[in-house]
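J.: So you can see what is in the structure, the chains are spelled out below.
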Amino acid sequence: MNGAHDLGGMHGLGPINPEPERQEPVFHGDWEKRVLAMTLATGMLGQWNIDMSRHARERQHPADYLKNSYYENWLEGLETLLLESNLVTVEELDSGKADPDAGTTSGLHIPGPKDVPGILQKGGPSRRNPTSEPVYGPGVPVKVLNSHPIGHTRAPRYTRGHGGTVAAYHGFHVFADRSAHGPDDGAHLYSVWFTADELWGNGAPETDGVFVDLWEPHLEPVALWPR
Amino acid sequence: MPHDGHDHTEPPPELALRVKALESLLVEKGLVDPAALDVIIETYEHKVGPRNGAKVVAKAWADPAYKDLLMSDATAAVEGLGYIGRQGEHLVVVENSDRVHNLVVCTLCSCYPWTVLGLPPVWYKSAPYRSRAVSDPRGVLAEFGTTLADDVEIKVWDSTSEMRYLVLPARPAGTDGWSEHDLMALVTRNSMIGVECALSPAELEQAS
Chain H
16 MNGAHDLGGM
26 HGLGPINPEP
36 ERQEPVFHGD
46 WEKRVLAMTL
56 ATGMLGQWNI
66 DMSRHARERQ
76 HPADYLKNSY
86 YENWLEGLET
96 LLLESNLVTV
106 EELDSGKADP
116 DAGTTSGLHI
126 PGPKDVPGIL
136 QKGGPSRRNP
146 TSEPVYGPGV
156 PVKVLNSHPI
166 GHTRAPRYTR
176 GHGGTVAAYH
186 GFHVFADRSA
196 HGPDDGAHLY
206 SVWFTADELW
216 GNGAPETDGV
226 FVDLWEPHLE
236 PVALWPR
Chain X
482 MPHDGHDHTE
492 PPPELALRVK
502 ALESLLVEKG
512 LVDPAALDVI
522 IETYEHKVGP
532 RNGAKVVAKA
542 WADPAYKDLL
552 MSDATAAVEG
562 LGYIGRQGEH
572 LVVVENSDRV
582 HNLVVCTLCS
592 CYPWTVLGLP
602 PVWYKSAPYR
612 SRAVSDPRGV
622 LAEFGTTLAD
632 DVEIKVWDST
642 SEMRYLVLPA
652 RPAGTDGWSE
662 HDLMALVTRN
672 SMIGVECALS
682 PAELEQAS
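Chains as they are written, first to last, in my numbering: chain H, 16 to 242; chain X, 482 to 689.
Hints listed in this document are in silico derivations from the structure and should not be mistaken for laboratory results.
Since this is a predicted model, take the numbers as computed values, not measurements.
One thing to keep in mind: the hints can contain errors.
[Unchecked claim] Pulled a few chain X residues facing chain H out of the computed Cβ check, cut under 10 Å:
(1) Asp-514
(2) Asp-519
(3) Val-573
(4) Pro-618
(5) Ala-651
(6) Met-665
[To be verified] Over the 10 Å line for every Cβ pair with chain H, so calculated as not near, a few chain X residues:
(7) Ala-543
(8) Pro-545
(9) Asp-554
(10) Gln-568
(11) Ser-591
(12) Ala-654
(13) Asp-657
(14) Pro-682
Here a beta-carbon is modelled for each residue, glycine too, at the ideal position from N, C-alpha and C.
For reference, chain H alone in the conformation it holds in the complex (with noise of 0.2 Å):
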């Protein structure tokens, strides 16, 4: 979708103010580290994948989305995906109180302190056994198709229409355009390198670029012209 999250290009945003390295904490404020750890803990309920939480982030108004800090999106998010997973309703969240008869959230493993190490070291590799061949591989030009699917999409909209060259191959990976939305399956998975130039029209020179990790789905091959 074409969300205001999908940030690279966008002016007018304002200076970027880093804190000091050394004197920035990890969390600001007590509320930022309840919004992680329980969109995390969550999360390990299996009711929903990374790709649609990102995508419930995204959804947002564009206006809210640039107005709120990262953990008021997070909780945004996540109140979201709660509710579109019927494990609270509306009236719960309003109220912050369980109704009795708001459905049963048994069956669902909730992990505790113990179980927590080992899920996060587990991780979510999303590589997958590929079901065919890639298309391209390192050094074929290819192009971005000109796309703009209202779901969720991973090829962001400045490098839409653009031709780049294969860099490299990452593999088969879950194609997250479709996880968002639920299937699991995967596509190919490249690191496409686009010249500043081509992207910006900056002139800048041919060896200033951006890397993006695009799947098969979202490319196209060059066109040749013939000899």
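Take the given structure of chain H and dock chain X to it, following the hints.
T.: Coordinates of chain X only, in the frame set by chain H:
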């Protein structure tokens, strides 16, 4: 942070209340175990952080065989040091030199190599950084006080998949014969994202 108008040290009271209410609801419904939440927070506040990455970098500087492994299979190389898990499942290391400078961003969200760097800093997740790192990397570097020679090639890595990127900064001059332990002190988090270079011995002395 001035750029987003939020004072992170004092959250709006209604926000803190909303978070508390959500947690008590989830606990009441038996959907989360508060002790598990504490373990998650403890992990990322005190255990998993950029000292992991600094150890990887210092080892690569000091041990050519380790560097070869790191450049060819970074996931395995950092797993050898015990750094495995969430948001580090598929790691790639890119090397800075006096000729090439790499910079990492996630324009679409906040993808970041947690196993070696911990949770990302506020600025990395902010709209100003995410918007301009790809279109004006030299301008972004200047905001961190980093100026590169005009002929240094800039390569930006936009983390749009589950691949995670770690920058291997160039080893500072004047560090021949330094131990891994001493080299680690030169490796800042920001140098492993690529917005700064590693500290020189003189900068280290100044900083401490």
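J.: If a hint holds in the structure, say so; if it does not, say that too.
T.: Verification of the hints:
1. Asp-514: OK, holds: Asp-514 of chain X within 10 Å of chain H, min 5 Å.
2. Asp-519: At about 7 Å, which falls below the 10 Å cut-off, the nearest Cβ of chain H leaves the hint on Asp-519 of chain X intact, so it holds.
3. Val-573: holds (8 Å)
4. Pro-618: holds (8 Å)
5. Ala-651: With a closest approach of 17 Å, the Ala-651 of chain X hint is violated.
6. Met-665: violated (15 Å)
7. Ala-543: The claim holds: Ala-543 of chain X sits with its nearest Cβ about 23 Å from chain H, beyond 10 Å.
8. Pro-545: Fine: 23 Å to the nearest Cβ keeps Pro-545 of chain X off the interface.
9. Asp-554: holds (12 Å)
10. Gln-568: Per Cβ check, Gln-568 of chain X is inside 10 Å of chain H; nearest 7 Å; violated.
11. Ser-591: Violated, because the least Cβ-Cβ distance between Ser-591 of chain X and chain H comes to about 7 Å, which does not exceed 10 Å.
12. Ala-654: holds (22 Å)
13. Asp-657: At about 26 Å from chain H, Asp-657 of chain X clears the 10 Å cut-off, so the statement holds.
14. Pro-682: It holds; Pro-682 of chain X is separated from chain H by about 17 Å at its closest Cβ, greater than 10 Å.
The earlier numbered hints that this structure contradicts are 5, 6, 10 and 11.
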